[in-house]
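The whole structure should be built from the sequences, with the hints applied where relevant.
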Amino acid sequence: MRNYIIISKEQAEAVRGRHGKYSALEPVEFPDGKFAVPERCIDDPEFADIRETLQKYRKEEIIQDITDLNETSKSTKIEKDKYYLSKDYWVVKGLKTATIDMSKVAKITDLKDTILVGKDVETLINGEGKIIK
Amino acid sequence: MKVAFSNISGINAAIVSRSDNYWELFWSTLVSAVVENEAPDEVVLTFGLANTSLTKDDFSIEDFTISSLSRDATNKILTLTLTENFDEDTEAEVTFGKTGESYSITNNVVGTKPILISATIENADPDIVVLIYDQVLNESSVPETTDFSITGKTISDVTVTNDTVLITVSEAWSYGDEIAISYTAGTDPIQGAIGGLAADNLTDETVINNISMDTDLATYISGLVTELSAAQLVKVNNFIKNYKAADSLTNLSDAYDVMYYLGNETAESSLRNLVKRTHDATAVNAPTFTPYEGFAGDGISMYIGTNYNPASDTIKYTLNDAAFGAYTRVLSTISSGTIFSYSPGKYLRLNTINSAAGDRVYINADYVTIALVNAAGMWITGRTSSENISYMINKSYSTNTKTSVGLPDAEVTIFKGYTGAYTDGQLSFLFIGKSLTQANMETITDIFEALMDANGKGVIT
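Sequence lines, in order, name chains A and B. Numbering-wise (this note's numbering), the first sequence opens with residue -11 and increments by one. Numbering-wise (this note's numbering), the second sequence opens with residue 24 and increments by one.
Here are the simulated EDC-like pairs of lysine to aspartate or glutamate, each with C-alpha atoms no more than 20 Å apart in a straight line: (1) A/Lys9 - B/Asp303; (2) A/Lys81 - A/Asp20; (3) A/Lys9 - B/Glu250.
Here chain B is said to cover these stretches of chain A; the calculated rule only asks that three of the stretch's residues, wherever they fall, bring their Cβ under 8 Å from a Cβ of chain B: (4) 11 to 21; (5) 27 to 40.
In case anyone wonders, no lab produced these hints; they're calculated from the structure. Just so it is clear, CB atoms sit at the ideal spot from N, CA and C, and this is done for glycine as well.
Spelled out as structure tokens, the structure:
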């Protein structure tokens, strides 16, 4: 399970930074401008100082298990508003619910009506193809 | 003293007539009971009449166990052998069971039995067991090496000096080793200088191990909130000690800038730099920690920052004399760089992935390809000159050339790679330092694998 709490930029800034003796929290920005933090941070003693805030986020915001995007299947199901982990393009977001034959997709940006890719990744793809330089 | 009995066997008695015509039986009188210095474990009983029937069970001595009874030719002198020695302070009586009477034993023993005060191994001589007794010992009575036994060790020498017995073994002990010694007196026992009484045998006597932990380990654990277990300390100490010995290092800092045992017992210790008390790592977004295995990334946001920048923090990792390596228990499925630091054209990067990306070797330049078997285990990259680079995965070794460009000017991260994309997999170890020979690479692979195996977590087949 890779459960993430999906939060706003303002919420992200409220918890960002060092916590505990050896830990830090760096909410990551997803392709749609939302941020995310691992839900498991709530139970980590290193984040005790922001536990209440994270618990509040968990209660009020969306929690999603970010699963792998199947990038080889001929019938990959994409759900609207769900985030996926692409091995080559990091986190992407479903813009609409669809079933895709990924074997026919040369570049993920070809699916721009179905899958939203981060801007940095999109730039990289345009320049070098895949993220695996 | 004469006592009448109704049922008697043996001849150590006299049948006498009483004036009232009843027959009575009187046991022979015990003339003396003596312990001599030459045989402090023998009580010699002298009777007025001979006997052949008395056994050791007919006698008792408080606080002593009688193991046997023997007679001289006249059958008047009986010798009781004891399991313990008399010493000069012993006061005892022998009780004759047939009569119930007790006789004081004349004690001619000189001196006392040597008592073991301590059994230790000291830091200065980690190959010598030091037995200290409560008195000066007979230096002419030196036990054979075979009179001692210590599990796993060959005893090479025994010396007796003053109140001390030194037992030397062929291979030194280490910090934390549990040691026990056994001793069985032979022809030349451990004995007191006065009186020559022999010391007791020893059976698995605990030897206190005073060998200090490695200095690098002592520095590493100083100030930990959660202490490592004694067992784990021994394992880590052995790793450091054995590695330093194998590569002739006085300190880890002689060869390394950073070294993280990411699979230590606690997350706190795993994030500490073994080399020195700077560049401790930071766990960002709570990467999964499993004791004895290490940290795992999730490919989404979790990573470890080393707080070590090759360009600005280096001492040993230099442009043309450099090496770094990592031990991965679980390969990554994402190729953006498991170990990563980057400036344009300059990388410190390792892709621990079983794909073509795993064949790309980056060290102070862009990559060159060296194809090895990309399996879980130890991955090491090295550079010995401006041109020559090397690559080793689980002791499979190859070389290539790639002109060095410069040191990357960015923090080395784990699970966070190119363009900030994250990787997954599980890492147990990371080091960055000066160049390593092929033999050096093999050594650190073997010794770290031994550490992982000590906790049942090694993955190299």
